[in-house]
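Peer 1: Read off the chains here:
Protein chains: 2
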Amino acid sequence: MPLLVMKFGGTSVADLDRIANAAAKVQREVERGYDVIVIVSAMSGKTNELVGWVEGTSRLYDAREYDAVVASGENVTAGLMALRLQEMGVPARSWQGWQVPINTTAQHSAARFVSIPRANIDAKFAEGMKVAVVAGFQGIGPDGRITTLGRGGSDTTAVAFAAAFGAERCDIYTDVDGVYTTDPRISSKARKLDRIAFEEMLELASLGAKVLQTRSVELAMRYNVRLRVLSSFEDTDETSGTLVCDEDEIMESRVVSGVAYSRDEAKITLVTVEDRPGISAAIFQPLADAGVNVDMIVQNISEKDYEDHPGSVTDMTFSCPVNQVERARKAMENARSAGLIAYDDLAVDTEVAKVSVVGIGMRSHAGVAARMFKALADENINIKVIATSEIKISVLIDRKYMELAVQALHDAFELERA
Amino acid sequence: MPLLVMKFGGTSVADLDRIANAAAKVQREVERGYDVIVIVSAMSGKTNELVGWVEGTSRLYDAREYDAVVASGENVTAGLMALRLQEMGVPARSWQGWQVPINTTAQHSAARFVSIPRANIDAKFAEGMKVAVVAGFQGIGPDGRITTLGRGGSDTTAVAFAAAFGAERCDIYTDVDGVYTTDPRISSKARKLDRIAFEEMLELASLGAKVLQTRSVELAMRYNVRLRVLSSFEDTDETSGTLVCDEDEIMESRVVSGVAYSRDEAKITLVTVEDRPGISAAIFQPLADAGVNVDMIVQNISEKDYEDHPGSVTDMTFSCPVNQVERARKAMENARSAGLIAYDDLAVDTEVAKVSVVGIGMRSHAGVAARMFKALADENINIKVIATSEIKISVLIDRKYMELAVQALHDAFELERA
Chain A
1 MPLLVMKFGG TSVADLDRIA NAAAKVQREV ERGYDVIVIV SAMSGKTNEL
51 VGWVEGTSRL YDAREYDAVV ASGENVTAGL MALRLQEMGV PARSWQGWQV
101 PINTTAQHSA ARFVSIPRAN IDAKFAEGMK VAVVAGFQGI GPDGRITTLG
151 RGGSDTTAVA FAAAFGAERC DIYTDVDGVY TTDPRISSKA RKLDRIAFEE
201 MLELASLGAK VLQTRSVELA MRYNVRLRVL SSFEDTDETS GTLVCDEDEI
251 MESRVVSGVA YSRDEAKITL VTVEDRPGIS AAIFQPLADA GVNVDMIVQN
301 ISEKDYEDHP GSVTDMTFSC PVNQVERARK AMENARSAGL IAYDDLAVDT
351 EVAKVSVVGI GMRSHAGVAA RMFKALADEN INIKVIATSE IKISVLIDRK
401 YMELAVQALH DAFELERA
Chain B
1 MPLLVMKFGG TSVADLDRIA NAAAKVQREV ERGYDVIVIV SAMSGKTNEL
51 VGWVEGTSRL YDAREYDAVV ASGENVTAGL MALRLQEMGV PARSWQGWQV
101 PINTTAQHSA ARFVSIPRAN IDAKFAEGMK VAVVAGFQGI GPDGRITTLG
151 RGGSDTTAVA FAAAFGAERC DIYTDVDGVY TTDPRISSKA RKLDRIAFEE
201 MLELASLGAK VLQTRSVELA MRYNVRLRVL SSFEDTDETS GTLVCDEDEI
251 MESRVVSGVA YSRDEAKITL VTVEDRPGIS AAIFQPLADA GVNVDMIVQN
301 ISEKDYEDHP GSVTDMTFSC PVNQVERARK AMENARSAGL IAYDDLAVDT
351 EVAKVSVVGI GMRSHAGVAA RMFKALADEN INIKVIATSE IKISVLIDRK
401 YMELAVQALH DAFELERA
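Note that the protein sequences, when read in sequence, are chains A and B. According to UniProt numbering, the stretch in the first sequence is residues 1 to 418, in order. According to UniProt numbering, the stretch in the second sequence is residues 1 to 418, in order.
What the hints contain is simulated information worked out from the structure, not anything from laboratory work. Each hint should be verified, as a subset may be incorrect.
Same chains, same label: a pair holds when it works inside one copy or across any pair of copies.
To be verified - Quick list of in silico lysine to aspartate or glutamate cross-link-like pairs, EDC-like style, CA-CA up to 20 Å:
(1) Lys46 x Asp15
(2) Lys192 x Glu414
(3) Lys130 x Asp62
(4) Lys192 x Asp177
(5) Lys189 x Asp122
(6) Lys330 x Asp349
(7) Lys124 x Asp143
(8) Lys124 x Asp62
(9) Lys25 x Asp175
(10) Lys374 x Asp177
Construct the entire structure; sequences and hints are all you get.
Peer 2: Right, here's the structure in full:
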């Protein structure tokens, strides 16, 4: 029997009507001849309620108890979804993480999958069950306690099940109808993509596109799980949404697939840093220890040779989320006080945004960077920092130009055209 | 280390403040030198919310899914309570039913305990844990699925743990401060009892006193678990509340310990029933099958010998909750249509209430019934049905006299005096 994994996020199961709606989509796939594994999130709002209770009870909470409390949200949805399917005549049952069992590492609230043995669920499929409804976001650790997977855990659960059970496809039902060339709220010309390569989706996800969580895309890419993003709130068929797949499955050749942005960036420059072997580690280790998510890093080779800095010096620039600036500043000042690093000044610019173009076609097409920089120059947008990867070019610019830059790049790469 | 079981019901853990308040009571017992097992209910309102969702999803729901959904309420409280205790510096962890494991029968929503192995929890006590917070009301069935115990399941869980772990006492924290000689809302002379015998508590519980659930008292009596009922909302010490214990522990001798009542009773009489061997079974089996909770049963030997009933006939009267009258009527009519029983008429009186006096002293004191009936007669209250057990006398009377009867009996047996 071919098998499908279907995942419904919190807004897709927010109340009994939406659970019924999602169940109808599951039923349709069963009627098409699939066995289905459904992965569900907590009803929207419920996880926040539970997290609020935990945080209200204990400031420095025990992550094991946090997990035990928070995982209950998904258990409720799983039971209700199974009941709804039964009510519609579809043989279904719910599975909590420990019942499958979804074996994970012991890192509570940030656990990773160790194994998902198929035996228990396969035995029920063999007995005639058509749908296994699995509580997402959770598992069981080596000590027999409940774990959760952290951010995006339900998407990741779906992909992991698709890999473990050799699913034909993993359908992620959400509140958008697919992946767009850019944010439709910013550019009216944004176009839904029929297909996108794993690598592209990964870059878009890590750049702030909220559709899929980075970790789930990584996992899908590693196990070559075809991932489809589509809407819970529309009638959908087999051609709906956007398929995230191996680039071999993408016929059309595109240089750039999308334009992404991240609004709340900050640029921090350590001015006149003593340049010596190991200085990068000396700077970025304290930042990592402080939990600062450093994104772009640029080191300007400086020719400065001031009287009070007879040796070689440099400027070091990096970006991080704007709400982590104070944490970064403190980490740097502590490192300086401890004599680990030396710099004259720490310059902060909290008024920047990141805009990126992403596309697998970049690999084989020269001139993408030039086309990008020209498009920005034509709008008189000054580029503050540039960072590139194999399939992505990102720039930091003044935040006030962000929307303009996204629109200009969308036009420059003709993304409105299929 | 001496061990105590403490149980907190839904209103005692209704929000984070109340959980903190309950945790403070637990901490005090730890400071007194006890290891503690805490049994918690769901935060009040939560179970109803979950049940509402289940019933809203599926009319004839799968009890296994119902249990999986509903049990999550207790899991949340258990985690929060453990966190709160940790925050106060008390080494604690939460246990869900399957983690202990609390092994039960497979009867979902009405499961019974099979075994509560001590090994897992004892191992943690040995490692320095001072408090095990256990989710009440739930267990795990032989098929590895979550079960719930049905009504009063959390009280019963507490008693079962007290028995399994040889607890010195099982303290049930609730929203009343003990067991009273009668309902203080009805008689201002109601007095809190310091001690009450298991048998008396059992009769009072089955008569509608909401303090403890019958099943938990039965279990306590069987395993001789000393049970204390006390208030979550007052400062309490070792003499607070009411101790439910073996009658040997009760020094004072009392004829009657309490007056109980049940407001919403109905009296049903099958008039002119053909009297033959097996007629009782023929009447009460269909009622049982229909889920009617028959309470009192009275058969009047009738000397009637009407023309159309040449054989022996009788009247059969029984009582049941008033909201089950229609179900009872239908069961009787169906049985008559099927030719299983024969009767002329079914007379229903939905305006009755049950009033009972309960006391272990009755066994050895004659005249209790006479004293009861005289007290009612003095108030011109007509007795419609009488039923007695070894330590209880119950009567059905017109509902409008219920409060008056309770007060008169409370006076007649001088229950206001310690």
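Peer 1: So which of those numbered hints doesn't the model satisfy?
Peer 2: 5 and 10
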